[in-house]
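With the hints as constraints, model all of the structure from the sequences given.
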Amino acid sequence: MRGGVSAIRSTLRGFALRAWDFWRGCCMNSKPVHGTRVGLMKRLALSLLSLLVLFLLFEGVLRVREVGKRREILAGRSDADLGTVRADPPLLYTLKPGWHDVLNSHGFRDVERLKTKADGVWRLAVVGDSVTMQLTLPREKLYVRRLEHFLQEAFPGSGIECPTFGVTGYCAAQELALMQDTVLDFDPDAILWQFHLNDASDPVIDGDNGGLGRYYARPRSQVWATLSRKMDHVLKKRFLRRHFQGLEQRDLQLQAWNWDDMGRVIEQVHELSMSREIPVFVVLFPSFPEGGDWGRYTEAEMRFYGTLVGRFESIGFPTLDLMPVFKRLPVSELQREPGDFWHPNARGHRVMARAISRWLVEEDLVRDCAP
1 MRGGVSAIRS
11 TLRGFALRAW
21 DFWRGCCMNS
31 KPVHGTRVGL
41 MKRLALSLLS
51 LLVLFLLFEG
61 VLRVREVGKR
71 REILAGRSDA
81 DLGTVRADPP
91 LLYTLKPGWH
101 DVLNSHGFRD
111 VERLKTKADG
121 VWRLAVVGDS
131 VTMQLTLPRE
141 KLYVRRLEHF
151 LQEAFPGSGI
161 ECPTFGVTGY
171 CAAQELALMQ
181 DTVLDFDPDA
191 ILWQFHLNDA
201 SDPVIDGDNG
211 GLGRYYARPR
221 SQVWATLSRK
231 MDHVLKKRFL
241 RRHFQGLEQR
251 DLQLQAWNWD
261 DMGRVIEQVH
271 ELSMSREIPV
281 FVVLFPSFPE
291 GGDWGRYTEA
301 EMRFYGTLVG
311 RFESIGFPTL
321 DLMPVFKRLP
331 VSELQREPGD
341 FWHPNARGHR
351 VMARAISRWL
361 VEEDLVRDCA
371 P
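Be aware that the sequence shown starts at 1, since it is given in this note's numbering, and climbs by one per residue.
Each hint should be verified, as a subset may be incorrect.
Just the calculated beta-carbon pair ranges, DEER-fashion [to be verified]: (1) Arg77 x Pro219: 20 to 26 Å; (2) Pro138 x Gly98: 36 to 42 Å; (3) Asp340 x Val309: 20 to 26 Å.
List of simulated lysine to any residue pairs, SDA-like, C-alpha gap at most 25 Å [as the list claims (entries may be wrong)]: (4) Lys115 x Phe155; (5) Lys69 x Ser228; (6) Lys236 x Trp224; (7) Lys236 x Pro89; (8) Lys230 x Val64; (9) Lys96 x Arg139; (10) Lys237 x Ser287; (11) Lys327 x Gly295; (12) Lys141 x Arg113; (13) Lys96 x Arg218; (14) Lys96 x Lys115; (15) Lys141 x Ser105; (16) Lys69 x Asp79; (17) Lys69 x Asp189; (18) Lys230 x Arg241; (19) Lys237 x Lys141; (20) Lys69 x Ile205; (21) Lys327 x Arg250; (22) Lys69 x Val223; (23) Lys69 x Lys236; (24) Lys230 x Gly60; (25) Lys96 x Gly83; (26) Lys117 x Arg218; (27) Lys237 x Ala225; (28) Lys42 x Leu57.
Hints were generated in silico from the structure; no laboratory data involved. Using N, Cα and C, we set each Cβ at its ideal position, and we do this for glycine too.
The structure is reproduced here in structure tokens:
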């Protein structure tokens with residue numbers, strides 16, 4: 001394979017030099033080739049043809065490389081082992097219904113649910129990412145299942161249900177699409193949106209989904225996709241260095257870089273809430289800091305974080321910030337394992353569930369919405 005790549009590179013280099021020679025000759029010669037306009041047109045056509053061939057060769061090389069990248073993402077697994085299937089953008093992928101008896105018939109890590117509500121049932125649909133789905137814990141220890149039990153205890157006989165719509169690696173734009181395409185089919189009375197700091201990530205460029213976004217993406221041009229990734233990286237670094245020097249944590253950097261895109265997603269969730277008359281409650285999940293010390297959040301980062309909380313509240317979403325809740329305990333008692341900045345352990349899920357249930361009750365969010 002290396003020899004083939006070297007040969008291709010040599011060919012590409014030859015075509016590039018040839019295209020440059022032709023283009024320079026056409027632009028710098030004041031006289032038409034052979035004294036005729038036809039000669040000049042031939043040279044121009046040949047230059048354009050050379051550029052086209054060069055582009056196609058680059059495209060071919062990058063497509064071959066992308067196949068290798070997809071194999072790396074699989075890491076020895078088959079498509080069937082992923083538990084996901086390709087979907088149209090912006091979702092890119094969804095979960096396989098009934099996968100390994102881990103997911104229910106609708107493709108979510110939840111007990112079996114009917115789309116049609118029984119009489120007297122009040123549904124709080126919980127939408128989120130891998131924190132809501134988390135495969136590394138037993139299902140009954142996830143915060144959503146605990147939350148349902150806590151609310152049923154708080155309102156005996158109320159018929160409260162908390163159907164789960166968590167998909168590993170989903171960003172905010174995908175969660176919005178999930179609400180529009182799937183969650184509404186279950187006739188929720190309210191939606192609880194578990195929003196993680198890295199939900200501002202691009203599912204293909206940033207890869208906060210274990211590479212699933214890149215695995216399922218099918219760009220029309222790998223040349224353009226590669227250039228987009230490179231440009232995004234360069235421009236992001238320049239933008240953050242110029243405007244947000246105090247932001248060191250990557251997930252906060254993503255929020256800053258994609259601020260406008262996130263604003264549009266939040267506005268669309270608000271429009272969905274208003275048009276369907278379904279209240280949306282936001283639970284903001286902070287990333288665990290590097291080194292396991294909450295003090296690693298700098299003053300600049302806390303100010304920016306506060307702006308993010310205010311962004312949800314200003315549009316009218318009741319918002320629970322889990323940062324003050326988590327700060328009462330050492331990171332090591334909440335974090336799944338050192339180096340995992342996104343996922344809580346069983347105790348972390350229990351703390352989440354208790355905090356959310358108390359907040360919903362104290363703010364009368366459930367009482368006001370229940371039938």
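Hint-by-hint comparison with the structure:
Taking the beta carbon of each, arginine 77 and proline 219 are about 23 Å apart, inside 20 to 26 Å as hinted. In this structure, proline 138 and glycine 98 break the distance hint of 36 to 42 Å, their C-beta atoms being roughly 18 Å apart. A hinted range of 20 to 26 Å for the beta carbons of aspartate 340 and valine 309 is consistent with their spacing of about 23 Å. Only pairs whose Cα atoms come within 25 Å are accepted, and lysine 115 paired with phenylalanine 155 is accepted, the gap being roughly 23 Å.
The straight-line distance between the Cα atoms of lysine 69 and serine 228 is roughly 17 Å, inside the 25 Å bound, and the hint therefore holds. For the suggested pair lysine 236 and tryptophan 224, the alpha carbons sit about 18 Å apart, so the restraint of at most 25 Å is met. Between lysine 236 and proline 89 the alpha-carbon distance is near 23 Å, which keeps this suggested pair within the 25 Å criterion. A distance of roughly 18 Å separates the Cα atoms of lysine 230 and valine 64; the hinted pair therefore holds under the 25 Å criterion.
Between lysine 96 and arginine 139 the alpha-carbon distance is near 17 Å, which keeps this suggested pair within the 25 Å criterion. Note on lysine 237 and serine 287: the hinted pairing holds, with a Cα-Cα distance of about 20 Å set against a maximum of 25 Å. Distance check on the hinted pair: lysine 327 and glycine 295 sit about 10 Å apart at the alpha-carbon level, within 25 Å; holds. For the suggested pair lysine 141 and arginine 113, the alpha carbons sit about 19 Å apart, so the restraint of at most 25 Å is met.
This hinted pair checks out: lysine 96 and arginine 218 have alpha carbons roughly 20 Å apart, not beyond 25 Å. Distance check on the hinted pair: lysine 96 and lysine 115 sit about 17 Å apart at the alpha-carbon level, within 25 Å; holds. About 20 Å separates the Cα atoms of lysine 141 and serine 105, which keeps this hinted pair within 25 Å; it holds. A distance of roughly 14 Å separates the Cα atoms of lysine 69 and aspartate 79; the hinted pair therefore holds under the 25 Å criterion.
Proximity of lysine 69 to aspartate 189 is assessed by CA-CA distance (about 42 Å); at most 25 Å being required, the pair is judged violated. A C-alpha spacing of about 17 Å is found between lysine 230 and arginine 241, which places the hinted pair at or below 25 Å, so the restraint holds. The suggested pairing of lysine 237 with lysine 141 is violated, with an alpha-carbon distance near 39 Å, which exceeds 25 Å. At most 25 Å may separate the alpha-carbon atoms for a hinted pair to count; lysine 69 and isoleucine 205 meet this at roughly 13 Å.
About 20 Å separates the Cα atoms of lysine 327 and arginine 250, which keeps this hinted pair within 25 Å; it holds. A threshold of 25 Å between alpha carbons decides the hint, and for lysine 69 with valine 223 the separation of about 15 Å falls inside it, so the pair holds. With a CA separation close to 23 Å, the supplied pair lysine 69 and lysine 236 stays within the 25 Å bound. Simply put, lysine 230 and glycine 60 have alpha-carbon atoms about 18 Å apart, close enough for the 25 Å limit, and the pair holds.
Among the hinted pairs, lysine 96 with glycine 83 is consistent with the structure: their alpha-carbon atoms are about 5 Å apart, no more than 25 Å. Between lysine 117 and arginine 218, the direct Cα distance comes to roughly 38 Å. Violation of the 25 Å bound is thereby established for this hinted pair. Between lysine 237 and alanine 225 the alpha-carbon distance is near 19 Å, which keeps this suggested pair within the 25 Å criterion. Restraint check for lysine 42 and leucine 57: the C-alpha separation of about 22 Å stays at or below 25 Å, so the hint holds.
Checked against the numbered hints listed earlier, the structure breaks hints 2, 17, 19 and 26; every other hint is satisfied.
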